Amino acid sequence: MNGQAVEFPKQALLTRLALSDSGFVFDPVTGNSFTVNTSGLSILRLLQKTEDWTDIIATLQADFEVSYSVAERDVLEFATALRSAFK
Amino acid sequence: MKQTWVKPFLTPHRMGGMNKFGAVRAQNHQSDLDGVEIAPLLEKYGSPLFIVSEKTLRDNVRRLRRAFATRWPKVRHGWSYKTNYLAAICNVLHQEGSWAEVVSEFEYRKARANGVPGSRIIFNGPWKPNDILELAAQEGATIHLDHLDELYALEQVACKLGKQVPVGIRLNFDTGYTDSWSRFGFNLESGAAKDAVQRIAASPWLKLTGLHSHIGTFVLDVRAYAAQIRIMTDFMEQVERDTGCVIGYLDIGGGFASRNALQGMYLPPDQIVPSFEQYAEAICGTLMEATQGRVAAGKPLPTLILETGRAVVDDAEILVTTVVGGKRLPDGRRGAILDAGLNLLFTAFWYNHEVKPLRPLNGIAEETVLYGPLCMNIDVVRASIMLPPLNVGESLVIRPVGAYNNTQWMQFIQRRPAVVMVTQNGDVAVIRASEQLEDVSGLEQVPQALQVPFPQGLPA
Ligand SMILES: Cc1ncc(COP(=O)(O)O)c(C=O)c1O
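Protein sequences appear in the order of chains U and Z. For what it's worth, the numbering used here labels the leading residue of the first sequence as 223, then goes sequentially. For what it's worth, the numbering used here labels the leading residue of the second sequence as 63, then goes sequentially.
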């Protein structure tokens, strides 16, 4: 899987999000708010620092009990959700 | 220690917030049926799997009988075969004293094959071919005429058999509460029913002994039945006066709602579906009033016949299905693909079935579309339901599914799965094996010239 091919929302857009440990996500520009679960929160936090696919999956595997393929599949799907939430 | 992985998700906060009922419902799960664990059954019989509760089925029909028998002296239940004619289900109900109510040659023969004698069969329906009409007349079935051609056909049959055949006629009329199913039976308002009665009275071969009507299905307003009884008892008095016949029974058909959520219904079924007692109160109360003078006049109180289908069997059966894939839809909702769809769950066209995970699931519920496995756009089991993230292999219980699915299911794209019954003693019995390819293709015959697909060698 080539991480370059995965398109996440622009990093500037993601870094402005306020993330709380409880999973509350607030976008100060649009005023929209969201709920994420633990894994989603981890991914958002990672994305605020890096867009490197290998890093993201490796970090998730270090923190969670998850296989490479499941993590990859689920992050891919999460990217779709992020793109539709943060346009 | 590493944390457990739950599929990542993100839900926007919309005006009005998340559906709190959906969230609450999704927290529930169902891991057993009558104390029998479901997961091992899936291992053994495969997924999807239909599971019937014998206990619920018996409880339901007993409650129905009790509700009416405590309010009217003569009550009979005819099991509506088309609602679910798996032989084991029919015979549970026959063991509880229900007759068979059939609507075709196929169903008549099925009832006979189940061991039901013709004398305990109620024969309805708009098409009764001659040979089966003759058999039914011979065997003493309760035949309900649907139209004039059938009246003439039965008269000929009776003449041929050389005996007078008792008959009932099916009526249709406007109760003011339900759409009149005017395509079945003889219409009352137009005078067609009266004409048919006169014609029967004039025949040496036929004798009118009963009246039948079925006012609709999933009838939520008990007043519709009170109206039906008033109309039928008025007509009974009228035909007895006009022709001197004696009406021995009133068959009011089926139609009681089951505890299922019709699409477009806003309140949960528990709040709007009347109980058997409420239906019985409306029906028997009206019957009591309308027949007060009969005993004094030396006429019998009519037997009340019920053909209740869905309300007896619907919640006695569940369908267990398994997630085979998931996707994020372009509009942000989650989609899950199940191994069971409209091919098995015809009733998903009009019900929003209850869906519960087999085990408690982690994560916050979000809006999910449940798709079936068919390569067809219409194959949607639930268009919108709040469920936690679903992994491949996660199983879901869909309920209630006992009515009309095991008869209207179709062999389309997929084979039909096994149906098992959890018996009263807690055993599990297969009551219909899962279909194999040979079961489907075994009926096909291929002409000699078409036996091989590529006689000239494989195409490019
Ligand atoms: C003649 C007749 N009787 C009984 C039934 C059973 O109806 P329900 O399942 O609504 O009780 C039907 C269903 O359409 C019917 O047509």
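Worth flagging that the hints you see were computed from the coordinates, not collected in a lab. Just so you know, not all the hints are guaranteed correct.
[Unchecked claim] Stretch by stretch, here's where chain U covers chain Z in the computed footprint (C-beta under 8 Å, at least three residues):
no.: 1; stretch: 404–415
no.: 2; stretch: 434–442
[To be verified] Okay, derived cross-link-like pairs now, BS3-like style, lysine-lysine, Cα gap no bigger than 25 Å in a straight line:
no.: 3; chain 1: Z; residue 1: K389; chain 2: Z; residue 2: K117
no.: 4; chain 1: U; residue 1: K232; chain 2: U; residue 2: K271
no.: 5; chain 1: U; residue 1: K271; chain 2: Z; residue 2: K64
no.: 6; chain 1: U; residue 1: K309; chain 2: Z; residue 2: K389
no.: 7; chain 1: U; residue 1: K271; chain 2: U; residue 2: K309
no.: 8; chain 1: Z; residue 1: K389; chain 2: U; residue 2: K232
no.: 9; chain 1: Z; residue 1: K389; chain 2: Z; residue 2: K361
no.: 10; chain 1: Z; residue 1: K106; chain 2: Z; residue 2: K389
no.: 11; chain 1: Z; residue 1: K172; chain 2: Z; residue 2: K117
All of these numbers come straight from a predicted model, not from anything done at the bench. The beta-carbon is built from N, C-alpha and C at its ideal position, and this holds for glycine as well.
Outcome of the hint check:
Interface restraint, the stretch 404–415 of chain Z with chain U: violated (0 residues with C-beta to C-beta distance below 8 Å; minimum three). Coverage of the stretch 434–442 of chain Z by chain U is violated. Counting CB-CB distances below 8 Å, 0 residues qualify, and the rule asks for three or more. With a C-alpha separation of about 39 Å, the suggested pairing of K389 of chain Z with K117 of chain Z is violated against the 25 Å cut-off. Of the pairs offered as hints, the one joining K232 of chain U and K271 of chain U holds, with about 12 Å between alpha carbons and a cut-off of 25 Å not exceeded.
Annotation: proposed proximity of K271 of chain U to K64 of chain Z holds, straight-line Cα distance about 21 Å (limit 25 Å). Our distance criterion of 25 Å between C-alpha atoms is met by K309 of chain U and K389 of chain Z, whose separation comes to about 20 Å. At roughly 19 Å between alpha-carbon atoms, K271 of chain U and K309 of chain U fall within 25 Å of each other, so this suggested pair holds. Restraint check for K389 of chain Z and K232 of chain U: satisfied, since their Cα atoms lie roughly 23 Å apart, inside the 25 Å limit.
Distance hint between K389 of chain Z and K361 of chain Z is unfulfilled; the C-alpha atoms sit about 68 Å from each other, more than 25 Å. For the hint pairing K106 of chain Z with K389 of chain Z, the CA-to-CA distance comes to about 29 Å; that exceeds 25 Å, so the pair is violated. Taken as a hint, the K172 of chain Z and K117 of chain Z pair is honoured in the structure, with Cα atoms around 24 Å apart against an allowance of 25 Å.
The structure does not agree with the numbered hints 1, 2, 3, 9, 10 stated previously, though it agrees with the rest.
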